[in-house]
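Novice: Top to bottom, those sequences are chains A and B.
Under the working numbering, read the first sequence as residues 1 to 248, first letter to last.
Under the working numbering, read the second sequence as residues 1 to 231, first letter to last.
Keep in mind the hints are simulated off the structure, nothing from the lab.
Please note that a few of the clues may not be correct.
What the hints assert, rightly or not - For lysine to any residue, the following SDA-like pairs were computed, each having C-alpha atoms within a straight-line distance of at most 25 Å:
1. B:Lys82 with B:Lys58
2. B:Lys58 with B:Ala45
3. A:Lys111 with B:Glu44
4. B:Lys202 with B:Ile119
5. A:Lys242 with B:Leu20
6. A:Lys105 with B:Gly96
7. B:Lys202 with B:Asn36
8. A:Lys242 with B:Lys58
9. B:Lys95 with A:Leu5
10. A:Lys170 with B:His54
11. B:Lys100 with A:Glu227
12. B:Lys95 with A:Val110
13. A:Lys79 with B:Ser92
14. B:Lys202 with B:Ala117
15. A:Lys105 with B:Met86
16. A:Lys147 with B:Ala117
17. A:Lys79 with B:Ile73
18. A:Lys147 with A:Lys105
19. B:Lys145 with B:Val159
20. A:Lys111 with A:Ile62
21. B:Lys100 with A:Ala158
22. B:Lys100 with A:His90
23. B:Lys133 with B:Ser214
24. A:Lys105 with A:Pro13
For clarity, every value in this text was computed on a predicted model and none was experimentally measured.
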Amino acid sequence: MKLILHIWRQPGPKAPGRMERFDLDGISEHMSFLEMLDLLNEKLTAEGKEPIAFDSDCREGICGMCSLVINGVPHGPEKGTTVCQLHMRHFRDGQEIWIEPWRAKPFPIVKDLVVDRSSMDRVMAAGGYVSVNAGSAPDANSVLVGKDTAEQAFEAAACIGCGACVAACKNASGMLFVAAKVSHLGLLPQGREERMRRVRRMVEAMDQEGFGNCTNQYECEATCPKEIPVAFIARMNRDFLKAALFSS
Amino acid sequence: MGWVATFFRSSIGSKFLMALTGILLLFFVLGHMTGNLLIFQGAEALNAYAHWLHDHPKFLWTSRIVLLAIFVIHVTTAIRLKLENMAARPVSYVKGRTLKATLASRSMVFTGLLLLAYILFHLLHFTLGVVQKDATGPSGPGGEKDVYAMVVTSFGNPVYAAGYILAIALLWLHLWHGIASFFQTMGWSHPRWTPLFTFLGKALSLLIFLGYVSVPFSVLTGLLKLPAGGN
Chain A
1 MKLILHIWRQ PGPKAPGRME RFDLDGISEH MSFLEMLDLL NEKLTAEGKE PIAFDSDCRE
61 GICGMCSLVI NGVPHGPEKG TTVCQLHMRH FRDGQEIWIE PWRAKPFPIV KDLVVDRSSM
121 DRVMAAGGYV SVNAGSAPDA NSVLVGKDTA EQAFEAAACI GCGACVAACK NASGMLFVAA
181 KVSHLGLLPQ GREERMRRVR RMVEAMDQEG FGNCTNQYEC EATCPKEIPV AFIARMNRDF
241 LKAALFSS
Chain B
1 MGWVATFFRS SIGSKFLMAL TGILLLFFVL GHMTGNLLIF QGAEALNAYA HWLHDHPKFL
61 WTSRIVLLAI FVIHVTTAIR LKLENMAARP VSYVKGRTLK ATLASRSMVF TGLLLLAYIL
121 FHLLHFTLGV VQKDATGPSG PGGEKDVYAM VVTSFGNPVY AAGYILAIAL LWLHLWHGIA
181 SFFQTMGWSH PRWTPLFTFL GKALSLLIFL GYVSVPFSVL TGLLKLPAGG N
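Excised from the complex, chain B in its bound form (with noise of 0.2 Å):
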């Protein structure tokens, strides 16, 4: 097994690295906003949802430590590949230039490390409920929580809808390189394919946005609203 480590430790193989554990965590974003999207179908069916996860902790904690895993190994080797580039050019240019490189593709530890940050605070948040106590904890009979209300709750307090509007115009800015550059790091590369590539990637990212963004867009309008009645 030592070629495996030894591939994954050149520059190439930590390529495939980042672009594979990148696509998988691409998945998780479009599962997750597809699990998000359900608030429009209302309280029960994202109720229901989340409550069918929990009753699944098999699946849900498989799920969670391959998703931490994969998570790991994105963040940790991009890190050490932004130091090795870091010590690559020690003297920097007096007078740098860029020609084709996007504000995107140059951000990506910024992005990503600030992402980092950002979905800490929104385990603490959501997850484990114990930043905004009196919204986000359970409410159910059965003391389970009502997710339709933690949202709407959550995201009627500007703070916390703005943090997170700020914090998926940051994932978009991320996967607008990050898609499109997964094709060519995989070798995907055919002057017939990949602008379309490209072209989709940067596409997907914007749906992304647009979709997770829906939510506490939809609180702040009032298109989506406690129950009458509810707390």
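Chain A with its partners taken away, still in its complex shape (with noise of 0.2 Å):
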């Protein structure tokens, strides 16, 4: 396969970004595009050229760390897919391809492709945990999770921390991942003690980091590798009234 890739490139935080073009010619379809980019660094590399920066780790849709937005699309054109599992064989050959960083005040560049997401560090460090007494592990079954409870729980669960929703915002609102945070933890009964305290410390952090304003549009929900639903966004907004007008 050939394709013309428009990267971005951006050598520093502070410096100006440009969108810049390749002419990448022998993809395999059965490579990631993730493989895609290695294929055109080494290329890159071997011109004595700087190669692309962007980030990966696992490389198998769990760590959250691939971070590209292609065609306008975080993780590109697969639905419930990152980027690491997203293959060439969805593309055409001789395709345009525009590929972007993560937009968001909260996300500044690094460089290139690769954005610093530590600002969802901080959210989660407000209040995404549970307080224990560290100890024994408890028997077994000893605490009791009626199954619908946790599959919910689990759902929210599913969130890998990557920031698309955010990416997919049209206010860069990082509410689908706060609320699936603080869902998460509030369903089940290790950490519903702190359900309230946590639902307020989280949000406030997340106004602090500059995060935008959900208007109820659903663009995080359409994009999400791990296709949580906004439904825990209501469940979130429930959690805070009550917290605000209750919670000492």
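Assemble the dimeric complex from its two separately framed chains, guided by the hints.
Specialist: As structure tokens, then:
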């Protein structure tokens, strides 16, 4: 396969960036999107040029590190797929492809396609945990969790924190991410004790980081590689109201 | 009371503010429409309703002040949120794409601001009567307005009628997203009920469009006309 690539190049956080065109030949349709970029980087290195910086780690769709906006869609055109699990057979020979980084104020660009997502870590540090006294492990099945609740919590827990929801959102809002974390922990008995405090603190941290506001357009749900539904945002809204009205 | 201010300044609190003021404005839109539709019962019914309102100044002015306050909160919060949202994405995508967002949801601020502009014109036109003086001035024996004659004469001019229909179409688009969005913001989301609420919200926005537009439509097509021998 042969492709025409337009890739965002930016030497550093403060430097101005621009789209640069690359014509790449010899792509196998079995390659993943990242392997295609590896091929381009090998070519660039051999030519003595600066390779393109992009994030990746596990390359099996679970770490949330890869973060490319492909033709305007975070993680590319395949539904429920991360970039590393996206294969070149979904593209046409000779196709033009635009590759850009996540674009949001809380995700400053480090270089080329690499963005700094520490803002999400700070939101997690504000309440995305369960405080427990470490001791011996409890007996299995001593804490009962209903099947439906477990399923629902698991659906939210599928969030890999990649930030595609923010990148896709028309307002660069981080609500689907925060909603998934708040719901996953708040649904389970271990996390229920801190449910009200958690939602208040995490939303406060989210607002401080400069994420945008949710206007219920659901672009996040359409792009999420783990297909987390926006019903969790409604759930977070409920929790936040309850926390504001009743918790101390 | 500090927690109230903190709540409404937060991103989610602002959502509640938009949803609650929005739904209150929807009630006004429905009330206003019901009043307008009295025109189909004849001149007496519409004029009696208008005169009843003016004979109860306490009720009228309380409603106006509350409505204005709700309106100001809705508009200023929307502008604040829009500015925050623009700041949250300082560099836009070279190649942007939309998967799920609708024309209605993406244009909320634009339809909202255009509606604001039209409402100001609408007040100058019908409430204050300074735009089309020959059609909207007082004509009753006691100097009271003949609202029926005012509406029929004004909408007899296709330019005013077209402007009104266009504004109501913007309202339709605004409510198409707004009503369904209310439920999500309030947290009333359920796999069984959400599709129904969304459908009903869209249906209601269409009904509101048809209800309002029926008046200029009927004037333009001659269904509603001035009584013979009138002005």
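Novice: All the hints need checking, so say for each whether the structure fits it.
Specialist: Okay, the hints, checked on the actual structure:
no.: 1; hint: B:Lys82 with B:Lys58; result: violated (36 Å)
no.: 2; hint: B:Lys58 with B:Ala45; result: holds (22 Å)
no.: 3; hint: A:Lys111 with B:Glu44; result: violated (73 Å)
no.: 4; hint: B:Lys202 with B:Ile119; result: holds (22 Å)
no.: 5; hint: A:Lys242 with B:Leu20; result: holds (16 Å)
no.: 6; hint: A:Lys105 with B:Gly96; result: holds (17 Å)
no.: 7; hint: B:Lys202 with B:Asn36; result: holds (21 Å)
no.: 8; hint: A:Lys242 with B:Lys58; result: violated (36 Å)
no.: 9; hint: B:Lys95 with A:Leu5; result: holds (13 Å)
no.: 10; hint: A:Lys170 with B:His54; result: violated (45 Å)
no.: 11; hint: B:Lys100 with A:Glu227; result: holds (13 Å)
no.: 12; hint: B:Lys95 with A:Val110; result: holds (20 Å)
no.: 13; hint: A:Lys79 with B:Ser92; result: holds (23 Å)
no.: 14; hint: B:Lys202 with B:Ala117; result: holds (24 Å)
no.: 15; hint: A:Lys105 with B:Met86; result: holds (10 Å)
no.: 16; hint: A:Lys147 with B:Ala117; result: violated (53 Å)
no.: 17; hint: A:Lys79 with B:Ile73; result: violated (39 Å)
no.: 18; hint: A:Lys147 with A:Lys105; result: violated (39 Å)
no.: 19; hint: B:Lys145 with B:Val159; result: holds (22 Å)
no.: 20; hint: A:Lys111 with A:Ile62; result: holds (23 Å)
no.: 21; hint: B:Lys100 with A:Ala158; result: holds (21 Å)
no.: 22; hint: B:Lys100 with A:His90; result: holds (21 Å)
no.: 23; hint: B:Lys133 with B:Ser214; result: holds (24 Å)
no.: 24; hint: A:Lys105 with A:Pro13; result: holds (12 Å)
Hints 1, 3, 8, 10, 16, 17 and 18 from the list above are not met by this structure, while the remaining hints are.
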